[in-house]
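K.L.:
Residues per chain are reported as follows:
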Amino acid sequence: MRQLGWMLWVVGGLNAMLWLDALDNYLEARFEWSLSSYLPRDWFEPSRRMANAVSELNSHIGRRDPEGAERKQIQPEPTAKATPQAMRLTVQALPAGAFWPSLAVQKLTPGPQRILFAGDSMMQGVAPLVIRDLSLKHPDWQMTDLSKQSTGLTSRKYFDWPRTIQQEIQIRNLSLVIVFLGPNDPRDMYLPDKRVSFGKPEWLENYAARVDEILGYAVQNQVRVIWLGLPAMRDEPLQRGAVVSNHVFYDRAQAFGTDYLSTEPLIGLVSLPFKKSMPDDHGRPLNLRGEDGTHFTPAGLHKIKQALVAHIEKAQPQ
Amino acid sequence: MSFVSPEFALLCLLFFPLYWQLVNRPRWQRTVMLLSGYGLYATWSLSFAAVLLAYSAGIWALGGWLSRHNKERLPMALALMLCVSFLVFFKYYEFLRASLSAGVVSLGFQSSLPILDLVTPVGVSFFTFQAVTYLVLAAQQPNQVRSLPDVLLFLCFWPTLFAGPILRADKFFAQLDAGTTGRPREVSLALYWIVLGAAQKLIFATWLGDTFVDPVFKYPEQQGGLTLLAAMVGYSLQIVLDFGGYTLIVTGLARLLGYELPVNFRQPYLARNLQDFWTRWHVSLSSFIRDYIYIPLGGNRLGLTRTQCNVVVGMLISGVWHGPSWTFVVWGLLHGFGVVVFNLYKQAQGPALPAWAGHTLTLLFVTLAWVFFRADSLTAAWDLLQGLWTNVHGFWHADSAQIAQLGLFTVVFGFMCRHAERLQTGVVAGLQSMSRWTATCVLALLIYLVIALGPSGVPGFIYYRF
Numbered sequence: 001m002r003q004l005g006w007m008l009w010v011v012g013g014l015n016a017m018l019w020l021d022a023l024d025n026y027l028e029a030r031f032e033w034s035l036s037s038y039l040p041r042d043w044f045e046p047s048r049r050m051a052n053a054v055s056e057l058n059s060h061i062g063r064r065d066p067e068g069a070e071r072k073q074i075q076p077e078p079t080a081k082a083t084p085q086a087m088r089l090t091v092q093a094l095p096a097g098a099f100w101p102s103l104a105v106q107k108l109t110p111g112p113q114r115i116l117f118a119g120d121s122m123m124q125g126v127a128p129l130v131i132r133d134l135s136l137k138h139p140d141w142q143m144t145d146l147s148k149q150s151t152g153l154t155s156r157k158y159f160d161w162p163r164t165i166q167q168e169i170q171i172r173n174l175s176l177v178i179v180f181l182g183p184n185d186p187r188d189m190y191l192p193d194k195r196v197s198f199g200k201p202e203w204l205e206n207y208a209a210r211v212d213e214i215l216g217y218a219v220q221n222q223v224r225v226i227w228l229g230l231p232a233m234r235d236e237p238l239q240r241g242a243v244v245s246n247h248v249f250y251d252r253a254q255a256f257g258t259d260y261l262s263t264e265p266l267i268g269l270v271s272l273p274f275k276k277s278m279p280d281d282h283g284r285p286l287n288l289r290g291e292d293g294t295h296f297t298p299a300g301l302h303k304i305k306q307a308l309v310a311h312i313e314k315a316q317p318q
Numbered sequence: 001m002s003f004v005s006p007e008f009a010l011l012c013l014l015f016f017p018l019y020w021q022l023v024n025r026p027r028w029q030r031t032v033m034l035l036s037g038y039g040l041y042a043t044w045s046l047s048f049a050a051v052l053l054a055y056s057a058g059i060w061a062l063g064g065w066l067s068r069h070n071k072e073r074l075p076m077a078l079a080l081m082l083c084v085s086f087l088v089f090f091k092y093y094e095f096l097r098a099s100l101s102a103g104v105v106s107l108g109f110q111s112s113l114p115i116l117d118l119v120t121p122v123g124v125s126f127f128t129f130q131a132v133t134y135l136v137l138a139a140q141q142p143n144q145v146r147s148l149p150d151v152l153l154f155l156c157f158w159p160t161l162f163a164g165p166i167l168r169a170d171k172f173f174a175q176l177d178a179g180t181t182g183r184p185r186e187v188s189l190a191l192y193w194i195v196l197g198a199a200q201k202l203i204f205a206t207w208l209g210d211t212f213v214d215p216v217f218k219y220p221e222q223q224g225g226l227t228l229l230a231a232m233v234g235y236s237l238q239i240v241l242d243f244g245g246y247t248l249i250v251t252g253l254a255r256l257l258g259y260e261l262p263v264n265f266r267q268p269y270l271a272r273n274l275q276d277f278w279t280r281w282h283v284s285l286s287s288f289i290r291d292y293i294y295i296p297l298g299g300n301r302l303g304l305t306r307t308q309c310n311v312v313v314g315m316l317i318s319g320v321w322h323g324p325s326w327t328f329v330v331w332g333l334l335h336g337f338g339v340v341v342f343n344l345y346k347q348a349q350g351p352a353l354p355a356w357a358g359h360t361l362t363l364l365f366v367t368l369a370w371v372f373f374r375a376d377s378l379t380a381a382w383d384l385l386q387g388l389w390t391n392v393h394g395f396w397h398a399d400s401a402q403i404a405q406l407g408l409f410t411v412v413f414g415f416m417c418r419h420a421e422r423l424q425t426g427v428v429a430g431l432q433s434m435s436r437w438t439a440t441c442v443l444a445l446l447i448y449l450v451i452a453l454g455p456s457g458v459p460g461f462i463y464y465r466f
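Heads up: the protein sequence lines correspond to chains A and B, in order.
Here the numbering used here is used: position 127 in the first sequence is 127, and no number is missing along the way.
Here the numbering used here is used: position 117 in the second sequence is 117, and no number is missing along the way.
So that you can see chain B by itself, here it is in the shape it has in the complex (with noise of 0.2 Å):
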């Protein structure tokens, strides 16, 4: 079910003044939080509800295990091993056979993997990563070995389940023991996050991937060059736009049950430099690949090959985490490659760029990678990139209508990025000082203009598919 669709909004209305009714019955309030998180993943589909609820107790089993075998290397490599073999399994099968079965036929043998009618559960990119952090969390501080109740809320909390932010084990279990949540908490703030969310997903990024970006990467043949850049364009905020209002629902829904969740985005296109890039985009899952991945096999601490040999593997597990599909592989590897350029620069102590140079290059280099998330195949993005350039029907041929309302979005995008924090301040002060009548309505009428403004039926999230 998605979280824009009418459907949702209607188990809203209902659910949460039951919710908050059960403010001083903490018990109570995260049974019925679990319940609606496995009710919400069984609307996906029932067979999925029930793995889940068997996955999350073998990783509430396999934690008490690790407590016991206190930093013990082997228990812990194991437990990670088979937390993680259950998304390669079931995400990354198919892609390894198919992949292996072309390597091994084009050497003259025969292929034995067989095909499996396998289905990948809804977010079990984000769920898995969310179990790793609980299982280090209970190898390394045995005492927050925590309940099999409160793991399966850990890893069934439905504002993040299907699309993140990731939650870490550590920070929601503080949330639980220090008695902040079941309360609504900054409800203008929430508001904001949640209307300003839908706008940006139903009216800003179903726009630009009807008008510039579908059409075009579907078929980039019959279009000239300033087209294909347009789309590149298009494409580039559509991501920030969707993810990025999908995070904003779901931290504003939080709110309104009284959790806090990880910052996920800090303006992502006002990065000068693509590490700067990579501490403002999905902020959860780079900040967890830091941690989890870079740091354990050595950060910066081996020299300097090592390290940058480190962020290279970061980033190609960051970019196959997306999905098993090689364009996810050019993606992680070119960002990989692209820091390190950056880590390197920065060693030999080149010139420093002034501020709208680096900004200038960030946002080329973050552009041109964005072809190959969003492309079929490896072979569709080159033809997209060769088309820039080589182009029969040549490099200015578009409607440049359109073309001048995609750079004046941008335009007021940027705009936007820069001065986002002082307009969520405004708003929200203008929010509570409104009498709760007016506020009512300004709402009710904002919710209106979002829907007239969006497309017809309920989108899909970019992210949902990861």
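Excised from the complex, chain A in its bound form (with noise of 0.2 Å):
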């Protein structure tokens, strides 16, 4: 039993090697634990190689993301640095009953419409909805859902949703980009050079300027945004990062000129507490959270699609 004892350690241990750069970026984004803030940066350098390669061969045989090989390729000329308005750096809490409203700014380019639809779970459930009805009105229009589960802006190693919505709008020649964000990303940031906690004045500093990135890119490309708030959450630490999220969202929508679609009238305000479920036209109770008390009921996905339908609907030019 020693033997076998020592035979796993070893087994472990050198696979923890081998996958030490993917094993700090897990580690990241799951616990806001990182190993290089304790190890020699060389350490991770023969891990990282090795990943490389074996990315490069996921690529060749076509697993993993098809599309990373063509992406690969293309570097998003960086983003204008002067954006119109700088993010204000302190969070204030909207008093009871309060919240960030919907801007409807931006017009439609005219003709078929090719639409990324971007973000983590929330957004894997809205996006199906929301294509299919826009499909059955819309044949000719084009629509991608790149929607990925834990992904969010705060840990960039793990899922880069700035390069990647870049990049998208290269590959794709995007007319429109929607984004529904958020729950991932209540945590603490690593920079290059150190951590920053959540909810600081440089947190929210270098949140916003992931934003900016999206929406800048957007903007210099012609390409609208709209960005979807979250509505109200039931663990705390996450209503918290609503709170931050939409101030953030609302707040660099408004600087950029593009729209923000307020989920909290529909589906539960971040300003007052929990709830799972509101009033239909009937008065009747109807439940619109999953049991998580985040995502949503198959209720609360469609009243998400019915808003973000009539928004897309009615940036349409006459």
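Some clues are possibly wrong.
Across the chosen pairs, the derived CB separations fall in these ranges [what the hints assert, rightly or not]: (1) ASP292/A / LEU107/B: 30 to 38 Å; (2) GLY199/A / ASP376/B: 34 to 42 Å; (3) LEU353/B / PRO285/A: 49 to 57 Å; (4) GLU32/A / LEU368/B: 39 to 47 Å; (5) THR390/B / SER37/A: 57 to 65 Å; (6) LEU78/B / ASP280/A: 35 to 43 Å; (7) ASN52/A / LEU148/B: 50 to 58 Å; (8) TRP326/B / MET17/A: 45 to 53 Å; (9) PRO149/B / ASP280/A: 44 to 52 Å; (10) TRP43/A / PHE89/B: 49 to 57 Å; (11) ILE171/A / LEU364/B: 37 to 45 Å; (12) PRO285/A / LEU364/B: 42 to 50 Å; (13) ALA420/B / GLN3/A: 22 to 30 Å.
Over 12 Å on every C-beta distance to chain B, these chain A residues come out as not near it, computed from the model [to be verified]: (14) SER37; (15) MET87; (16) PRO162; (17) GLN170; (18) LEU191; (19) ASP193; (20) ASP251; (21) GLU313; (22) GLN318.
Over 10 Å on every C-beta distance to chain B, these chain A residues come out as not near it, computed from the model [what the hints assert, rightly or not]: (23) GLN85; (24) VAL105; (25) ARG172; (26) ASN173; (27) GLU202.
The hints are simulated quantities; they were obtained by calculation from the structure and are not laboratory data.
Beta carbons are placed, not taken as given, at the ideal position from N, Cα and C, and that holds for glycine.
Two chains, each in its own frame: build the complex with the hints.
P.N.:
The structure is reproduced here in structure tokens:
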């Protein structure tokens, strides 16, 4: 048994070394804990090189992201540094019953649209319904759903949304990007040289900068953006995250002249205590939230879909 | 915490050596096992762990009470009702409320059932059925009633806690009493199962899911008929590799702890008829349904009609057990009526089909039924099936390279199923003949390859939902 114990340790240790870089990314995304803060940088280099080789191999055999190889070729031009208006670095909780209202300022370009749906598991629920609905109304529109669960803007090592969206804008010549994410974001951020605690002004500045990367690049390329705000969350940390995220999403959309669609009046206000249900048109309680208090029931998804489709239809040129 | 996550691997490295160190102190070892079970469960939610503790204590008390009412029917019925009502309340309340409300409202009345903010504890379907086996054991064999720590360990035995296989109380306690636990058993076989299970899940099941199944089930209207068919075949393969892979991993882990788990799979896609399929697929559930529902209902002892009714009821419960959704109801009923048709054909002494025809028919039926199991709603399942013959893109609109990959994979999978036992014997013999260091290097390399060919992130197991 002692020999077996040693054997397991050797197998575990070898694989930990060979996957050190990936392990570091995983631990950072999952537990906000970075190995690279404690270990010399050189230790990560062999595993990084091996991981790149494996990634190449995987893209050759069609595994993982089939469009990854194409994306790698694309180097988006940097976003113009000057943003219309800098982010206010303090978040004030809105009074009970208040919320950031929707912004509908953009008009779509005439003709068939090429739309990208980006986001986390929130978007994974909404996108299929919206795409189905819009496909029926506009069979000539091209729609791509890249939503990926457990992603967000905080951890770029795990999934880099700003870069992915910029690349997609180039590859697909998009006319509209719709973003719905946030519950994975209320966590500390690892910058190249330091760790920044969630909610601090520096965190807010960096988080807003990531939103700006998306919005700035889209505006530069005449691509419309609809950013969906988050509704109330049952878990306290997620609820605090929703307060911060909605503030940033609204502020940046306003600064760049893009659209913000508030889901709060549809599903639940962040400034009020969490409730699973809301009355329907006949005053009967309608269960809108999944068991986890984060995601949505089919009825909740349907409400968001209706609002988003109506928002897109209204943005069409007359 | 997933059994294929890095944090679980790290915990194993710390836990197993400690556990084996205590081999000569079985009481301590069981305490460590119990604490680790609750610790793992608490990683999902601390309140879930408290609920499980309270539930297990309740089951222990009910077991003691039943043992004092030797084989009386009323106490046993009461105890079982209490035991199962826990599952019904947590897992099915919202489904029942919504269905009842819809029915009542359609009749012009108001529903008064409130919407409750309930969260279903992970693995509730599994540990509730395990609790049933303990209560029946306590009622039928009062001398088998166990101490509180034993019952707590049985209901919180972490290899089976989250997604089975469903343990039977008598088999589990027999292992404890025999003193065979605590020492790793058949180490080469256990390691083979763990690596094979991880490969099945991380490499093949996720590849099938990502490539053939998920995009198609999400957007069936965008696909041609052949792609829809590929998704159906892909899901049939994905679910057996996913759940089979999970079962292999936990069975291997249990062997390293010195426990033997019940068999859950016997190459289900080699079945020659539907009845045969149910002796090979999720065996710990199907045998539970047989012994604790079908036989108590009368089994095949009360005439042909009653027997077929019992079959349908058993299959319906098996379907509903998976989750509060009409798709599982239809899946269970489909299998129930399928078995009834097979029984009636056998009863009518219809001509025996050649083996290949029976095999093909069974596979077709099972694949068709999986559509309801996988789809988000009955409408979605029906849309997908309808797309097979009425499709704006036409039947042949598909990525031919992907279809060829799936075809090749299916053939290789079929071949591996037929020769799985021979392969296992060969690999285990090979591992045993290697020196310790060679075996360690081979194992490290295999795990490296599994991770390299697996997806990024930690994928969830299909059966964790149930």
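K.L.:
Would you list, in rising numerical order, the hints stated earlier that this structure does not obey?
P.N.:
none
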